[in-house]
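Asker: Dock chain B against the given chain A, drawing on the hints supplied.
Protein chains in written order, with this note's numbering: chain A, 525 to 674; chain B, 525 to 674.
Don't take every hint at face value.
For identical chains, the list gives no copy identity; a pair is met inside one copy or between any two copies.
Claimed, not checked - No farther apart than 30 angstroms at their CA atoms in a straight line, the calculated lysine-lysine pairs in the DSS-like style are these:
1) Lys562 <-> Lys633
2) Lys647 <-> Lys540
3) Lys642 <-> Lys536
4) Lys668 <-> Lys596
5) Lys596 <-> Lys641
6) Lys642 <-> Lys561
7) Lys649 <-> Lys596
8) Lys596 <-> Lys670
9) Lys544 <-> Lys596
10) Lys596 <-> Lys642
Everything labelled a hint here was simulated from the structure, so no lab data went into it.
Owing to the predicted nature of the structure, the values given are computational and were not obtained by experimental measurement.
There are 2 protein chains.
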Amino acid sequence: MIEIYTDEYFMKEAFKEAQKAAEKDEVPVGAIVVSNKKIISRAHNQVEQFGDITAHAEIIAVTAATNFLGSKTLDECTLYVTLEPCCMCAGAIAHARLQRVVYAADDDKGGFMRFGKKMLHPKTKLEFGIMHEECSQILTEFFKAKRAAL
Amino acid sequence: MIEIYTDEYFMKEAFKEAQKAAEKDEVPVGAIVVSNKKIISRAHNQVEQFGDITAHAEIIAVTAATNFLGSKTLDECTLYVTLEPCCMCAGAIAHARLQRVVYAADDDKGGFMRFGKKMLHPKTKLEFGIMHEECSQILTEFFKAKRAAL
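Only chain A is shown next, with the shape it has when bound in the complex (with noise of 0.2 angstroms):
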């Protein structure tokens, strides 16, 4: 039997997120939360539109999902999102214990990596580079169209 409910395939909803960012000329970035292989929550960074630093992708997906589940925390799911998350979110999601973080760009700038996986909580598995190209590819271009426009 073919699974069709891969990484990737998660991933690319994600990034379906990012191109929803980007047209809102937003840092295009998006993320999902899936539980038992359904996706309950889908976000994109939406920091412009609201003036709210706290606005960003995983934020917003991991609130909606815990608001979705009733519950505080999401030890069954999984997050999928573009761009490795910032330490806010890092903590956001060591909060919310999950149990595995999927990303796909990484952020050696801006990154929680930098201070090592040890920010999350110590049951959440992590992962990195499925779809890196595209995510990383959809965050250079907006940034190299902003340079341009100034």
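Answerer: For chain B alone, kept in the frame of chain A given last:
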């Protein structure tokens, strides 16, 4: 001339917020943001009330302050918080580029200082220890009462 608006004055205001949290059976942490000696936002932990793991005092106070100023950054503001921020809140504080952060009680287990001051923006000044005893005690008493009720 006697200076009224000292760090202790403002930390007392943050402590009042922590007391409000305790009254609502929330982990008693309070925070305020001060701009030019004026309190522009005040908040307490509301995780239980909102069922939202991101509803920490610092997150609410910082987003309310950015909203009040109509700015994404708080370059000329000081955050007073009764407990050492967690990584999520430190990340938000970094995004908001606060001029100064003053915290009271330390949090060896959950605080961001496990990872060092470099989690904050390089321009952010950090101080701690003011009203350490009162701000620690309200937390100790809260958790003691919680354990006794089990």
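Asker: Are the hints correct? Go through all of them and say.
Answerer: Taking the hints in turn, this is what the structure says about them:
For the homomeric pair lysine 562 and lysine 633, neither the shortest alpha-carbon distance inside one copy (32 angstroms) nor that between copies (34 angstroms) is at most 30 angstroms. Taking the closest pair of Cα atoms, lysine 647 and lysine 540 come within 30 angstroms of each other only inside a single copy of the chain (28 angstroms); across copies the shortest separation is 36 angstroms, beyond that limit. For the homomeric pair lysine 642 and lysine 536, the shortest alpha-carbon distance inside one copy (27 angstroms) is at most 30 angstroms, but the shortest distance between copies (34 angstroms) is not. For the identical chains of this complex, lysine 668 and lysine 596 are inter-copy neighbours only, at 22 angstroms across copies versus 39 angstroms inside a copy, given an alpha-carbon limit of 30 angstroms.
Proximity of lysine 596 to lysine 641 under the C-alpha cut-off of 30 angstroms is found in both arrangements, the shortest distances being 21 angstroms within a copy and 28 angstroms between copies. Within a single copy, lysine 642 and lysine 561 get their C-alpha atoms as close as 26 angstroms, which meets the 30 angstroms cut-off; across copies the closest is 38 angstroms, which misses it. With identical chains, the CA atoms of lysine 649 and lysine 596 are at most 30 angstroms apart within one copy only, with a shortest distance of 19 angstroms there and 33 angstroms across copies. Within a single copy, lysine 596 and lysine 670 get their C-alpha atoms only as close as 38 angstroms, which misses the 30 angstroms cut-off; across copies the closest is 18 angstroms, which meets it.
In this homomeric assembly, lysine 544 and lysine 596 come within 30 angstroms of each other (Cα to Cα) both inside a single copy, at 27 angstroms, and across copies, at 22 angstroms. Taking CA atoms no more than 30 angstroms apart as the test, lysine 596 paired with lysine 642 passes in both settings, with 21 angstroms inside one copy and 29 angstroms between copies.
Against the hints set out earlier in the document, a violation occurs for number 1 only.
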